[in-house]
Every structure is written in structure tokens, then in C-alpha cells.
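Visitor: So the protein sequences, as listed, match chains A, B and C.
Each residue of the first sequence is one higher than the one before, counting from 0 in numbering that gives the first Met the number 0.
Each residue of the second sequence is one higher than the one before, counting from 0 in numbering that gives the first Met the number 0.
Each residue of the third sequence is one higher than the one before, counting from 0 in numbering that gives the first Met the number 0.
Hint data in this document are derived by calculation from the structure and do not stem from the laboratory.
Please note that the accuracy of each hint is not assured.
[Stated by the list, open to error] In silico EDC-like pairs for lysine to aspartate or glutamate, Cα to Cα no more than 20 Å straight-line:
hint, chain 1, residue 1, chain 2, residue 2
1, B, K10, C, D86
2, A, K190, A, E279
3, C, K63, B, D58
4, B, K10, C, E87
5, C, K51, B, D58
6, C, K51, B, E170
7, B, K10, A, E576
8, B, K225, C, D86
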Amino acid sequence: MSSESPVHGHEEVISSHVHAGHEVHHHHHHEESFVSKYVFSQDHKMIAKQFLITGMIWAVIGGLFSVLFRLQLGYPEMTFPILEDIFGKWAAGGRISNDFYYSLVTMHGTILVFFVLTAGLSGTFANLLIPLQIGARDMASPMLNMLSYWFFFLASIIMFSSLFLQSGPASGGWTIYPPLSALGQATEGSKLGMDFWLVSMAMFIVSSLLGGLNYISTILNMRTKGMSMTRMPLTIWAIFFTAVLGVLSFPVLLSGAILLLFDRNLGTSFYLSEIVVKGEILPNEGGSPILFQHLFWFLGHPEVYIILLPAMGMVSEVLSVNSRKPIFGYLAMVGSLFAICILAFLVWAHHMFVTGLNPFLGAFFVLLTLLIAVPSAIKVFNWLTTLWRGNLRLTPGMLFSIGFVSLFISGGLTGIFLGNSTLDIHLHDTYFVVAHFHIVMGVASMFGMFAGVYHWFPKMYGRFMNNTLAYIHFWVTLAGAYLIFWPMHYSGLAGMPRRYTDYSNWHSFNMFQDMSRFISSVAMVVFAVQLLFIFNFFYSIFKGRRVTSTNPWGANTLEWTTPVNPGHGNWPGEIPEVHRWAYDYGKDGRDFISQTEPVGADESKH
Amino acid sequence: MATAQAQLDTKWWSGGKSPFNVEYGKLMMWYFLMSDAFTFGAFLISYGTIRFSQNYWPDPNHVFNAFPGAGHANLPLAFVSLMTFILIISSVTMVLAVHAGHHMDKKGVIKWMAWTIVGGFAFLACQAWEWTHLITGHHAVLIDGKIQEIGTTVTHNPWGPYVPNLLHNGEPVSTTGPVAFGGYFFGITGFHGFHVFSGVVINIIMLLMTINGVFDRKGHYQMIEKAGLYWHFVDLVWVFVFLCFYLI
Amino acid sequence: MEHHVESSTEVTFHHPPGGSDTIKRIIKTTVLLSVITIIELGLGLWMYFLHKGEPSHGLILAIKGIIVILSLAKAFYIVSIFMHLGDEIRNLIMTIVVPLALFVWFIIAFLWEGDSWLNLRNTDGHSRPKTEQRAPEAKKPGVE
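Bound-form chain A, shown alone (with noise of 0.2 Å):
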């Protein structure tokens, strides 16, 4: 390990090395078994698509939860025989139970957030592209990386039973707020479902950490020769972002979900107070709430940049390719994704200025929030800036980025409302949170995981995905995620409250019954657009137009210098050095400059 030239024959001391201590693994490879090769496998490009395929599972469950609840919030007055003939008594008589209509919020919200956004975008992309980008074999453990996809897999298999008990799933929202979600006596939802919540979400934080450390450990120090921190792409910096965000915040969450399990189990009193349910007072005294919700938002906020970070360094890196030009503002960029990651873990208790926190305290939260206007803004200039004229290729991967960046800014400009606790009073809980946030971070960030898989695709399998097929897919989806969720800002604004199954018996509402069943109607067809998208990716997997050169889409990082299948080891022979940073598009009357290739002696200053 420890060798006294930094540089060159480096791999030839470090291969000995490894064959003294592995005789199994060899330089060359041989045929690999079906089971280490497709389901134990260490090759991070493998595991990436393991990632990739189990979150598109969740998201299938998630977004029919979503229609299904939608369902039933459009067409309050109809019922659905058929759902009592699939769900049972959660569908008594064709009409959503009012305790499944919660847990299948509960599980959207769990589903989407942690399993899709968080494990399937970041597990994904971080692992497929750390090391193809940075210029390394593989994460520098490769066998945590594994464990980290099968403790993923666990806490799936966890969640997903939690679906058929008897009791049904946790339901008292994605957030289990104490004391509904400490009383078993309280709803249905909080008996075993609940305890399989928290058991699943300790296992998914297991995941998390053994992804993230390792997301760390190989970006810090297996980076290529030459790979300095500023000539990495912007991607390797959000993850890097992102892992960080990870491995300091969801510890927080598990302190939380362990003293929650307490209370629920032991008869602590951490969170409960003085508390009558169904006329029986409960001995619990002393504890509070609201000590839940800041735990709970200390990660819950970074939760939120951690989902959407990673969709944001894909998408300042396909903007650059598919603009040819540069990104615009690299350093700062780097800046204001520091700067996210720094703020994300200062203003958690924004979320919290109506349940009882203290008002003052509030007001420090406020002004920490706002300021995370700053770096956001940066980032959207820049996005827009490198877009400015440059020479746009509209491939599908291009605008899910340009649809990234439109969401984001209409997203974001609701935050300023929400960020201020005075306006807050009126908005909270209202159809205006759940517009804000869903095309801020929900859309947004599927709309980054889109641009990636589109982009990455050839990279992954070989192949290209239908394009038609994905214009469908963008157009529907963009015009749809606009339709369903511009509407709510205006039920919000005029005081309609989320979470209730029926609206119809209240009349200040009644006019927006119209509405939301157009909500409906356009949910149900953006659902149906990404089961199109799901068929292009497992028929193009197959069938898609294959990927003829290295580099289809003339880009400058590593991953287009690998072969277009690459093994395990990524490149056959030496790695390549990193001669300048990843951006150097249309450049001395270059189209592009591959971060492999020397500076050379006349050229410009970047």
C-alpha cells in the first residue's frame, strides 16, 4: 500500500498487493456466475442499475398510491366496485376508507421521498457515476457498496410487507408525528404498520450511511491523476454534497425513530404528555412532541437537498454538454451547492413555525431560510447562462434538464412565501405546501433523475432509448406536473387544508371541486406516461438503437473515454490522467476537449 512514487507503476504495486490477499480475483476476468454477477455483484455499474430498477418498483407503488388517493379526491361522490374487489374493507362499498386514504398518502410521501428520490436517484447515479467520472476501478468498497443496495433491498422488503398486515401500513403521514404515531390505540395505522415503518427506515439509514461513506471516501481519494477537486464534473460535486448531507443527518433520524420505538413499545415518555385517548388517560408525562418534529426536520430538511442536489449536478452537466458550451460559473457553483449543503442543516425547524415552537426562535429560522435564496438563485442564473445562446441539442435528456430548471425556479419562489413564518400562519397545511413542495423537490428532482437515466443510458446499457417515445414522455409530463400542481397554489392561497379524504360537505371549498377533479383526470394521464417511460427503458434495454462510438454524445468527462460496455475495472488498460477540468465545450473553434487530452501549448486560457 504505502509506496514512496506517488505516480507512476502504481498499479503494479498496489495489483500485487491485492493478489496476495485475494487469489479469487484476477486482472483479466473470467466468466462470472449469473449470481455475482447479477444480483451479489460488486461492480458499482451493476449496482447502480440494481438502484436504478428497485426505485422504479417504488415508484410504480408510489404514483398508483398517489392515483389511487386521487381517485377518491376528484370523485368524492362516485364509488369503484372494483377497489373493494382488490383492497377488501380499505374499500368498502368502492369507496377509499378514510384510514387507507391516509396510509396511502403515508406511504406516497415514505415511498417517494426515501425509497425513490433518495436510494433510487443518488444510489443510482452515485454509484454509476463516482467512479466513471472521477476515474477509478470501482468505490473504494466495493463490498459496503453491495451491503448498502441489499440493506436498501431489506428495508424495501420491510416496507413492502408492512402493505398486508392486517392493520394496515403506518398512516399518519410521512413524517410520523408523535403522539398519533406513538399510540397504537390512536388509528389503525399506528399498530405493527408503524413499527415497520420504523424498522424498515432504520435499515434504509443503514443503507444510506454504507452509501455514503463510500461516496465520500472514493471521491476524496481514488480520484485519477490529475483529477483535481475543481476539474471534477459539477455531478461528482453534488453527490459529494449530498453523501455528506447524508452522513450527517440521518444519524439525527435514527436517534429519533429509536426513542419513537420507546415511547411505542417501552412506555417512555419522550414525546408524550399528558395525553387522553378515547377517555383513558395515559401515564405518560413529561415528554414533548414538538422534540420529535426537530429531530425528525433535522434530517428532514437536508432530506430535502439530498434529493435534490444529485438532480441538480446532472443537470448543470447535461445543460453544459447538450448548450456546447461551458457551464457558466463553475467555482460558483461549487459555492452555492456548499452553501446549500451548509444552510440545509440550519433551517430545519422552518417547517415548524405553527406547532408550538417557540415564536422567537422562529424568527432565526426564518432568516437562515430566506437566505438559502442566495445560492439558489446563483444556480438558476448560471443554468439559464450557459443555456444563453449556446448551441442547443434538444436531446430528451437535454429538456427533462431545461424542465429541471423551470421547475425549480417556480418551485423556489413559492419557498420565499413559505419561509416567512408570519405568511406561513395562513398557508401551512394547505394545498399551497403541497404544490410547493412537490415541484420544488418531487417533480424537480424526477425531472433531474430523467435527464440522467436518458443521458446515461447509453452508458449503462449499451444502447439508446426510444426518442420518440421519450418526447411523449417529457411533454406530457411537463405540461402535466404544471396542470396538476399550478392549480393548488390557489386553493392554498384561499385556506384549503391538505389531508382530508372529502371536501364536499364544506362549502367554502365547494367551488373547487371542479378542479380537483381535472387534478385527478391529468394525474391519471402523467401516471400512464411514466409506465411509457418504463416500457422505453426495459424495451430499449433489448432492443434500443445500439451506441456505436465511445462518446455518442461528444461529451468531455471520463465515463465516454471507457469502452461502450464497460467490464468490471471500467477501463481495460490504465486509467487515463486528467490533463483540465470537464467543460472545455467549443473551445479555440473546438466542439469539445476531452479532460484526457494535454493542454496544449497555444491554446487559450479558460
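Chain A is fixed; fit chains B and C onto it per the hints.
Guide: Just chains B and C now, kept in the frame of chain A:
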């Protein structure tokens, strides 16, 4: 020294090498510990928050005043001092094991690892005694107008303020104290004890691997170093558990 | 137990092993940690005896403050000497120490909240009378 010169001339961040001059395993261990520090931090901060929200909190000198074999003698902080010193000493033996590993001194590693494991078990034994003593040690408490004998558990706390001028079998009678005291005490020391236990298990594995000559064959004792980091972290956490529960 | 199929391209320089001065440093640190712990215990016992009388709030707070600072010193020595962080290069030290700064706001905000709950607990008596206060109110004159 060619090595020293090479270190001075190095551009640490230029890629192709570790910017910290450590191998990734150690780096991951450090960052894992940082992450774990946030787990413990969250526990201790929650404890602080709840404690700040209470009008009354038991005096640790009063609660932790027993010593095995000393009967009812009032020995505030004595036993926990013993536990603290056990942990400090086991940390020292761990450093010595790591030091021996640097010198490829197999016998030294075995000796010091063995002592570290003994220290770990001793600490766990102390904790088991302390828990048992707290749970089974009953105290007279006035609850709903009746005097009851209760121990300290996650749901009961006999360490409230004394009822003035009320004696029961010659002992002063107290009211119930904040329930969160027991919950946090058993929760956090339990979580710490779990870390000690897993540390002991890791150390035993390391000891067996050393005895089997695994590290001699590898040519370095870096695994011992990583296990050492974890063990010292356990000691480090105890510094704060000791601070928060026993001292202030 | 890491399986490297190819190998990492990780290169590190050799850390020269310390000699007998390392042992000396370890012993010195052990003594230091023990002394600090004993001082802490002494302060703890002082507070115990103070509590038998009517101690001033400020004095107790000051003693507690000193104990916290001493504990931080202990943490520093454990991390820097026993965990050898002090021997690592500056980059590594910074990446580990700087994120811990997040604890500052974490602690301030949480404890502030706790204090605010205490305040609520003690001042909402106007709207929610305590049981022992309510009892006499229930007795209306002339009923008995």
C-alpha cells in the same frame, strides 16, 4: 528521508493519491465515527432539551451513590469514577496495541488487545450491576397519597423532591421525578453499552485474526488501527455521557 | 475484507512508526486524562456539598461550565493523541473537525426550545389551573 521530501513536494489535491495520506478504510472509519457522533449528539441534545423543559431534575450525586458490596453507604460518584477509569485504561491499552502493530510486534498486539478486551468486559459488568441496582433498588415515593416502593425504570422515577417531614421506615419519602430521567439514562447508557459490546466483539475478532497471523501475512496492522479508532470513540462518547448524566 | 477486482488507485505514503517517545506521550496523556477526571469528580462532589445548603445559582452554573470545558479538553486529548488525529495532515483534521461546528446551532436551538417549553409549562397556569388550586374553587360557598 525520501518519504518526507516526497510529502513536502506533494500537491495533495491533484488526484492520483489520497489528499489526506490515509487509506480509504481509515477515512471511512473516521467519517463513520463523525456520523455516529451525530447519533449520540442527537440523543444527548434531546436529553438536554427535555431536562431544560423540566422544573426539577434529580441530582446525580443523589441517584448514583452506591458501590457494590458497600451496602447503603453514601458514596456519590464513586462507582462511576471506577467505570470511567476502566474505560480510560482500556483506551490506553488499545493505543499500546496499535503502537505495537506499527512495529509489527505480534506478541505486543496480542497482549494489549487481550487487556483491552478485559477492560471492555469489566466496563460492561459494571454497567450491568449499575442497571440492576437502579432497577431493583426501591425507594419510598408518595404516589396519589399513598407511599409506594418503586425502582428507577424507563417508566418510573422515584427521585423527585422530598416530601417535607415525612419518613417511611426511617427513610425520607420523595415524590415522583421526571419520567424522562430513566428513559434517557437507560436509553443512552444502553446505546453506549451496545457500542462497547460491539467494540469488544470487534476486538475479539481482531485478536483472533492477530493470533492466526492474518496481519503478519498482510504486512500491516491497519485493521487494529481502525478497531482502535472505534474503541477510542466509545471512550470519547463516555466522556460526554459521564458529563451529562453524572456530573452536571 | 474488501475485494478489489482490479485495484484501487490509492496511493499513500508510509507513516513512520513512532519510537519510545510515543510510549512516553501515551503515558503523559493517560496521566493528564486521569487528573482532569479527578478534578471533575472533585467539582462534582463540591456541588454535592453545596447542594446541602442553599448554593447560589451562579456558582453552580460556573462549576458546571468549568466541568464542561474540562470534558471538552478530555475529548480533545483522546481524539488528538489516542486516535492520532493530531498526527494526521491538516486536510484530514479539518474535514473531521469543521462539520462538528454544526453542533453549535443544533445545541443552541434545541436547548432554547427546551427552555421555552419550561416557560410555557410554568406560565400557562392562567388558562389551566393546577389541581390543588382548583379544589377550593370547586367549593361554592353555601353548598355545604
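Visitor: All the hints need checking, so say for each whether the structure fits it.
Guide: Here is how each hint holds up against the structure:
Pair hint K10 of chain B plus D86 of chain C holds up; C-alpha atoms about 19 Å apart against a cutoff of 20 Å. For the given pair, K190 of chain A sits about 17 Å from E279 of chain A by alpha-carbon distance, which is consistent with the 20 Å threshold. Between K63 of chain C and D58 of chain B the CA atoms are separated by roughly 13 Å; this keeps the pair inside 20 Å, and the hint holds. For the given pair, K10 of chain B sits about 16 Å from E87 of chain C by alpha-carbon distance, which is consistent with the 20 Å threshold.
Taking the CA atoms of K51 of chain C and D58 of chain B, the gap is about 11 Å. The hint holds against a cut of 20 Å. Restraint check for K51 of chain C and E170 of chain B: the C-alpha separation of about 17 Å stays at or below 20 Å, so the hint holds. Between the alpha carbons of K10 of chain B and E576 of chain A the distance comes to roughly 15 Å, so the proposed pair stays at or under 20 Å and holds. This hinted pair checks out: K225 of chain B and D86 of chain C have alpha carbons roughly 15 Å apart, not beyond 20 Å.
In this structure, none of the earlier numbered hints is contradicted; all agree with it.
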